[in-house]
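**Student:** Under the UniProt record's numbering, the letters of the sequence shown match residues 1 to 494, in that order.
I should point out that these hints are in silico values taken from the structure, not numbers from a laboratory. Here the structure is a predicted model, which means the values were calculated and not measured. Each residue gets a CB set at the ideal place from its N, CA and C atoms; glycine is no exception. Do not take every clue at face value.
Claimed, not checked - Pair ranges (Cβ atoms, derived): (1) D316 with P193: 37 to 43 Å; (2) G134 with D325: 24 to 30 Å; (3) G230 with K90: 46 to 52 Å; (4) L177 with I65: 25 to 31 Å; (5) D316 with I65: 52 to 58 Å; (6) A165 with Q326: 17 to 23 Å; (7) G134 with R180: 47 to 53 Å; (8) Q306 with R176: 31 to 37 Å; (9) R472 with Q306: 27 to 33 Å; (10) F278 with A165: 24 to 30 Å.
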Amino acid sequence: MDNYTSDEDLDMDFDTQLIIQQSLQDICKPGTAEQAPENERLKGEEDALLHLTKYGSAFDEADEIGRLPLHKAAVQLNTNILEITLKASKPSVWEQTTHNGETPLFLAVSNCLLENATFLLLNGCNPNAKNFEGNSPLLTAVLHDSYDMASLLIRHGADVNLQCANERTALHEAARLGRRDLVKLMLVSGAHPDPQSSYGFTPLALAAQRANARGQASDSSSILLEAASGGNPDSVTLLLEYGADANVPKNSGHLPIHVAADRGHLLALKILIPVTNFAAIKRSGISPVHCAAAGAHPECLELLIQAGFDVNFMLDQRIRKHYDDQRKSALYFAVSNGDLSSVKLLLSAGALPNQDPVNCLQIALRMGNYELISLLLRHGANVNYFCKVNPLHFPSALQYTLKDEVMLRMLLNYGYDTERCFDCPHGDKVHRIYDFEGWTSTVIKDTLIRKCMGRLHLCCPVFMSFLPLPNRLKAYVLYKEYDLYGEGIFTGTW
């Protein structure tokens with residue numbers, strides 16, 4: 001009999017919990033607003049919830065994601081619902097977290113419900129309780145750009161220097177997001193102006209407010225370098241005014257001027273050019289001209305050329321080893337990108353086209369870019385270069401033009417050494433079969449067929465239609481490999 005009574009009580013508790021959850025979930029349903037005025041509807045829900053408060057144990061039961069009725073009440077728009085639920089809940093569950101580590105106060109802050117957060121703080125809820133991701137309510141308020149919420153939390157004891165995930169503080173986030181009012185609030189409230197995260201970063205926006213303008217991250221990236229990466233000229237100017245050094249490299253050797261050129265930040269680049277020493281650039285092993293060419297930023301490239309930077313500055317060996325092709329020149333970067341504007345600027349400024357292990361002309365030929373090829377040839381590109389990877393007896397450029405008469409004519413016009421194509425490295429003697437393969441009888445017969453056909457027969461479609469040859473051989477007999485517009489592929493029938 002006692003067991004039966006216990007089961008009945010459990011069923012009642014379950015039903016009560018279900019009613020409470022449905023009551024909290026139905027508060028914001030739009031359908032009920034049509035049945036009664038807003039005040040009457042809310043009043044009725046409050047009365048229903050007050051009636052359920054006598055079942056105190058039901059307010060201690062969580063759903064499948066760990067949310068108590070108090071968690072759900074914390075995200076409701078009606079503060080009276082939260083007040084009733086808090087009074088009905090035991091104080092021991094006021095700081096209980098969901099499966100994500102969220103307290104009722106954290107949820108109220110996340111949903112920017114200022115009145116709910118105020119009520120919970122007045123009742124002693126902890127403003128420094130972090131969720132499982134390591135974020136505090138104050139940092140969450142900053143992420144939501146809620147100045148009033150952040151101010152409320154600080155007034156009720158939130159720690160402005162509390163370290164969250166990756167040792168970030170609320171000041172880090174306010175600075176990173178560029179929220180000046182929140183940055184000022186943190187500083188006025190006692191936040192350290194120059195904290196470092198686990199990655200070694202300090203708030204970049206604090207250069208004018210006693211932060212260290214010469215600070216560096218764990219990879220030696222200076223604040224000025226990070227500002228140059230962002231491209232904000234005002235930030236770069238401000239940091240320089242507060243003593244930032246434009247000649248301090250990061251571990252890779254890059255300077256702020258390199259980053260600005262690579263990202264295409266023209267205004268920041270203008271500011272950095274006069275304050276950067278050439279000696280520092282030489283020590284880095286790479287010129288900002290390389291960076292501008294690699295990033296395909298012709299405006300930055302033109303600015304650097306006008307400022308007197310050497311377009312023939314070659315990459316240092318320690319930089320070149322990171323590239324499989326061992327590239328050296330800025331021109332190579334521009335040609336590899338197919339950036340015609342940058343190539344024109346570099347060649348006009350005196351860039352030499354034959355300085356790289358892999359010839360710039362070879363890259364242009366492989367891309368099939370006629371305008372780029374013509375531009376390089378007009379500025380002295382070596383048409384008779386030899387490829388180091390796969391050297392041939394004749395100049396290597398020919399291998400890219402065998403199916404392109406336009407490119408072949410361009411090479412011939414600029415002095416391609418055709419005699420090497422007819423020069424046999426084995427001499428004029430008869431070659432032994434095991435030493436040199438030579439021409440097969442099939443090739444000789446194919447050539448003979450085409451010669452014997454004669455021009456009259458080749459021009460007669462009726463004759464070709466009766467010729468018992470496969471289509472591919474017909475295409476060869478008709479010299480289809482020289483058809484520039486047909487791409488040398490025969491698919492029709494005669």
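**Student:** Taking the hints in turn, state whether each one holds.
**Tutor:** These are the hints, each one checked on the structure:
1. Between D316 and P193 the Cβ separation comes to about 38 Å, which falls inside the hinted range of 37 to 43 Å.
2. Take G134 and D325: their Cβ atoms lie about 44 Å apart, and the range 24 to 30 Å is violated.
3. A beta carbon spacing of about 50 Å between G230 and K90 agrees with the range 46 to 52 Å that was offered as a hint.
4. Roughly 29 Å separates the CB atoms of L177 and I65, a value that falls within the hinted 25 to 31 Å.
5. The hinted range of 52 to 58 Å is satisfied by D316 and I65, whose Cβ atoms lie roughly 56 Å apart.
6. As the Cβ distance of A165 to Q326 is approximately 42 Å, the hint placing it in 17 to 23 Å is violated.
7. Remark: the range hint 47 to 53 Å for G134 to R180 is contradicted by a beta-carbon distance near 25 Å.
8. At about 35 Å, the beta-carbon gap between Q306 and R176 stays in the expected band of 31 to 37 Å.
9. At roughly 57 Å, the beta carbons of R472 and Q306 sit outside the given window of 27 to 33 Å.
10. In this structure, F278 and A165 break the distance hint of 24 to 30 Å, their C-beta atoms being roughly 42 Å apart.
Hint violations for this structure: numbers 2, 6, 7, 9, 10, all remaining hints satisfied.
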